[in-house]
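Heads up: the sequence lines are chains A and B, in that order. For the first sequence, counting from 1, position 5 maps to 5 in the working numbering; every step adds exactly one. Quick note, the working numbering runs 200 ahead of the 1-based positions in the second sequence.
Where hints are given, some of them may not hold.
[Said to hold, decoys possible] Here are a few chain A residues that face chain B, going by a calculated C-beta distance under 7 Å: (1) 11; (2) 45; (3) 61.
[To be verified] Anything over 12 Å on all C-beta distances counts as not near chain A; from chain B, calculated: (4) 207; (5) 214; (6) 320; (7) 410.
To be clear, the hints were calculated from the coordinates, so they are not data collected in a lab. The beta carbon of each residue, even a glycine, is placed where N, CA and C say it ideally should be.
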Amino acid sequence: MDQLRGLPHLAADGLMPLWLAAEYGIPARAGLVRFSWLQATAGAEKKHRVYWLGWGPECLGWGPRLVRHGLLCAVGRRYLGVAPGDWDSLAIWTKRRLPQGHRWAASNRAALRKTPRPDAEWWRGGWAPAAVEVDTGKRGFDGPEGLRARVQRWAGVYAGVVFLTPSEARAEALAWVFRDRNVRVILLPRWWEAAEGREV
Amino acid sequence: MLQAGYLTSADVARRMGVEGGTVRHYRELLERMGFPFSQDQESGAYLWTPELVEVARVAHSMAKAAKGVSFEDALRLILYAGDLARNAQEGVSVVTLLRGALQLPQRLEDAAVDLREAASFVRSLETDLRRRIQAVASEARGELVAAARQVQEVAQEARSALREAGSGGWIGPAAIGVLALGVALPILAKGGLAALGPYLVMLGAGAFLGWWAGRG
């Protein structure tokens, strides 16, 4: 019965590395176990075989980029120590919002229509959630101006911005771009095997 | 909400790969079969515990795998299998029940013997009790008779004492006797016995009246 206690974590993240599921005490049989060959970050030469646990049959059709985003979100939530009830993983569940998020989104529908959707929303108390974005460096991410514009559009809607990135170079770049703004940049260098991280 | 260990209906739908309407139907069936659901106070959304999610998932898989088995049938099967498994774990089975039933007559006979012994014990207890009560009653009766006798004696004594007190005792007759001698001697000296006759008659009548009055 104790193994069921971890299910809300898996439901919130949608998928998580198998080692993280073991940390939460979720047995492999509680979901669907798959493995993917994933680059630690976009453009990395080496690929890692990452075993992961999915919440339901929906996860069988997910591509490697989405899987990496989802796994990074799950590891980031673990690093930040966020409870599943305070986290809406929009990268994985496009429409998944808990009642609190639903009410907030309904009252800010007009503003949210013009705002890019972050990968996750983190409720830390207060009037709005913080936007959590996974940055793997894919597509060059529009450059510094594009990044600034994106964060600017989140400014009036979200209560804060957190970047999760697996690349050290990318983390340094993000920290430099947002040096004058209140943006947290968290580096997760070995996300496929541990929830180690540091704030840049 | 999820912090408290609950999941939403959308989570359940994703877990089973079914539409939201199917999950609603499953929830209604589960509720009808006695599975409790709580609701989010503000939004009214139904909250699933992980255990409920797993029961629904297993029932859904069974219904999907076996032809002709509905979700409701699968739930009943799960409950039945759960009962069987629990009984088997506790060592309760048809064989042990049958063995118990076969031993029942012997147990009943033992119980009857016990009851008979208890009845005879109660009977002996009753006899003993009656004997004791009789002994106590006879003792009490003797004491009562003695006490009544004592009371009678005391009353007799009191009555005689009262009579004596009422009649004045021997002083009165003695005084009367002295007075009679004082009257009779001069008369005897003057006229002889003949003159004394009327006095003697009067004396006898007085004595009779005194006796008669003192008798009651």
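### Violated hints, by number in ascending order, as checked against the structure
Per hint list: 2, 3, 4, 5 violated.
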